[in-house]
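J.: Those sequence lines, one after another, are chains G and W. Going left to right, the first sequence walks through residues 1 to 211 as the UniProt record's numbering numbers them. Going left to right, the second sequence walks through residues 1 to 735 as the UniProt record's numbering numbers them.
There may be inaccurate statements among the hints.
What the hints assert, rightly or not - Within a straight-line C-alpha distance of at most 20 Å, the following computed SDA-like cross-link-like pairs (lysine to any residue) qualify:
#: 1; chain 1: G; residue 1: Lys-46; chain 2: W; residue 2: Lys-151
#: 2; chain 1: W; residue 1: Lys-696; chain 2: W; residue 2: Glu-499
#: 3; chain 1: W; residue 1: Lys-110; chain 2: W; residue 2: Val-318
#: 4; chain 1: W; residue 1: Lys-337; chain 2: G; residue 2: Arg-29
#: 5; chain 1: W; residue 1: Lys-46; chain 2: G; residue 2: His-18
#: 6; chain 1: W; residue 1: Lys-46; chain 2: G; residue 2: Ser-117
#: 7; chain 1: W; residue 1: Lys-151; chain 2: G; residue 2: Ser-117
Because the hints were derived from the structure by calculation, they are not lab data.
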Amino acid sequence: MLTRSQFAAASRALVAKHESNPPFSTLLRDWEWIDAFPYGYLARSKRYIRNSLSQSSADSSQLGDDPGLQEEEDSATAHTTSEAEWVISQQFVVFSATFQVPALYFTAHKANGTTLSLDEIMNTKLFKFEIPIGSDANGFALTLPDVPFPLLSQGDHPTLGTPCWYLHPCETSNAVDELFREVMEADWDEETRLVRWLETWFMTVGGVLDL
Amino acid sequence: MPTLQFAPFSSVVSPAFWHKLTDLKIDVLKLSDEAVPITGTYTAGKSIFDRETGQEVLLGTGFSVGGESFDASSTTSHDESTLPGASGHSGNAVTATGSFKNFNTIEEFKALDKTKYFDEEAQKIWDSIIATKSTTELNRFFVITFADLKKYKYYYWFSFPAFVSKPAWEIGEGSESWKSVVDVLSRDELASINAQLRAEPTLPAFFLVKRARGGSQGAPAIGKVEDYETFFTDVPTSEVRSSSLPRSIRSLASLTKRLRRSSSLTLARPQRIVSFIDPSPDPQNPGWPLRNLLAYLRALYPESTTSVSVLRWRDTEVTTPTPNTVWKSQIGTVYLKEVEGAAAGKRPSAVGWERNPNGKLGARLADLAPMMDPTRLAAQAVDLNLKLMRWRILPQLDLEKVSGTKCLLLGAGTLGCYVARALMGWGVRTITLLDSSRVSFSNPVRQPLFEFEDCVDGGKPKAECAAERLRKIFPGVNATGHTLSIPMPGHPVPAGSVEQVRKDVEKLEALIDEHDVIFQLMDSRESRWVPTVLGAAKGKIVINAALGFDTFLVMRHGVRARDQKEGHERLGCYYCNDIVAPGDSLTDRTLDQMCTVTRPGLAPIASATAVELLTSLLQHPDGVHAPPPPPNPELGPSSQAETGGSVLGAVPHQIRGFLAQFRNLQLIGRGWDRCTGCSEGVLEAYEKDGFDMLLKVFNDQKYLEEIAGLDKMKEEGEAAMEAVDWDEGSGDEFD
């Protein structure tokens, strides 16, 4: 459990700590603290690859090739693999006032500016595990079996107000606290404790999503 | 030497770009197809680590546009697309200026002379090189779009014009091909270059690097490409072209060549270095911006640039270098063979249209309908709201079962309007209403789907009007209305109307076939007979609601005897307790008998109860066979499921409400094998003779009593009476 100001302090300290290069792990390097009104949050952008190329080439509403346009043969243009498989994900760590714990919010869109549906998100490398059978994935939430709350659902970013997916934070506090108790040392000062707690949080979330 | 191949840009559009474009078109551009200046960004090429394969995966040469692309000043506003890693804050991304042109129709988009347009844009770049010697336009790009705002589809085509070098550039081989910077420059030099770049207010796309006199001892200097002449005056060129040198120097050239072959010397020597932020992470192929940079150098300084040392800078994210920093940048030498006396100022040809995902020349499409179409958004929001019930309270709730149930509402009056609303609240998507009358002036206050305007000029037909209103409330509903008169027993059909009535019955049969649930919400007793028979014969769920002044009845019909499951008592229908056939109750009524006068609060209560009875039934695993709760059940929520109810609770057979006491009573009515509505006698007669049987019933009440077996019952009753041995005791008291 954290208060909002503890969250802000922890986030800032974490960003400062990881901005300098190795020996710290590079995983937390690109998070940036955005001091926005009314609530600050951590943010970064990441690219992922999709697991399988969906059959987007059969899009019948494509304009198709333009027969009239000729471009000269150019041996100096390298042929690249299709980047249609890219997924660009904006990720945010916001403070959940309801659960008094950080929550991971994210958006995912393709290179052409369309957002991904839940099925498509599940198909990216964003998720670390295979979605178990029996989960209910409809258009806007993913619920694992035997769990009353959805793992992933849609909501508005608390500051930006834009629609995002988020990992439900209800169980996070317990999970992180448990792990944290193992790692914690008595002689840490407040700031170190907060930063380490947040790092543990990242580790917990990182078990589910590929951060 | 191999031909140098450049990695072309791949456009990366963020959804905010489309939103901004839409706003711009609606508010500013409207129908104008003038070119509008925009900006785009790119960052140093990156690779990501694929934890599954354990490999580094190259991320490709991305060129990003986002919401801020349309901003007049391209300073970093806080926008999601300026997050680190994407376009990044200005310290990590190069901004390119370009133009954007939107066409108003797909035909104009297709008809644009693209070759000419491309040519004009390329010319702009060339002109800026020649006239101003500036590098600011070297990354100039353009995008043409057609935004179909009704369907939320955006067709777009990016173009990154780059001049073709003839002959083509070649990359050195072996020790002169692309190699890691740490093989050439010292870490201190790299740290210095990095620091100087970071000190710049914005990240320069192109820059020059000049090593210090002492080689790797001193700090290198970086400078603007525009200052090429002055920047490099004190630095010798590194090129050695044996064929172009006079003989005397050629021996020196061969000596140098031998020296060059020894890698340590060669690697330590390039002094004049041309550099650019390289968006391509591919070790072999440098990014697209290098093309125009080389074209710039060829155009302005042809003598000194037949070979160029190029630094592909990709370490924009290094903040404080340490001895362990992994430098990603590369350095190499590119060559031009057999340069003809290229006429200065003659513009080379250019290429740069982005290929579509098929690898061909064609536009791309972004279909944002799922995200932006308000009808879809409404549907999603409605469903989400229902899901909350499931997530927070009742995980076992099967919402799809309810929303997929097709409901036919017979009657679009007070009950019909409230039932329709409640069904929509549950997410039911198919609602069909049937009514024979028009909206009258007294209706709107009690029938929430109607408004004053619907009453004028004789009044709109109720069924169609109600359906239309449902669609206005929620466009995703599949609502239809039919104006139809349901024929009734005890109301003989005049000969001339038989055909019409036959058609009406056919239509009613078809409608009942197509739906799962029939709501009987009419205002008379006998009008419920035909749907009862049809519903029972076809095995549909029938929910009945009827109003008194301050009492109501809500009930569900049982199944026909043939379909009854073993071990359960058959539940009755609306008529199971009648011993006479329904007759004409409508003619010769007074006004207060004709209009169902009820306490206004009764209809919403009864309608809501009817809908909730349905949903509880639908959640029950036995569905229409669900048993009612036993009389006098234990009160308490947990016992409902245990006493054979559904997750929502009990599934009573009949609920009678008494508004005066604010009390509901649950009753169980057994099915009767002589019922005029649902006994096998009646149903089989209908199944055998169809409309003819119905017509007979309309015309002759006695017929119905016959086939139901009611006439026999009368006889049996009389016979039983006869058989009783009345004790006729003597008694003078009865004279």
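J.: It remains to establish, for every hint, whether it holds in the given structure.
T.: Cross-check of the supplied hints:
1. Under the criterion of a C-alpha separation no larger than 20 Å, the hint pairing Lys-46 of chain G with Lys-151 of chain W is inconsistent with the structure, at around 30 Å.
2. Using a Cα cut-off of 20 Å, the hinted pair Lys-696 of chain W and Glu-499 of chain W holds, with the two alpha carbons roughly 14 Å apart.
3. For the given pair, Lys-110 of chain W sits about 45 Å from Val-318 of chain W by alpha-carbon distance, which is inconsistent with the 20 Å threshold.
4. Taking the CA atoms of Lys-337 of chain W and Arg-29 of chain G, the gap is near 44 Å; set against the 20 Å cutoff, the hint is violated.
5. A distance of roughly 19 Å separates the Cα atoms of Lys-46 of chain W and His-18 of chain G; the hinted pair therefore holds under the 20 Å criterion.
6. At most 20 Å may separate the alpha-carbon atoms for a hinted pair to count; Lys-46 of chain W and Ser-117 of chain G exceed this at roughly 26 Å.
7. Taken as a hint, the Lys-151 of chain W and Ser-117 of chain G pair is honoured in the structure, with Cα atoms around 18 Å apart against an allowance of 20 Å.
In the structure shown, a violation is registered for the earlier hints numbered 1, 3, 4, 6, in ascending order.
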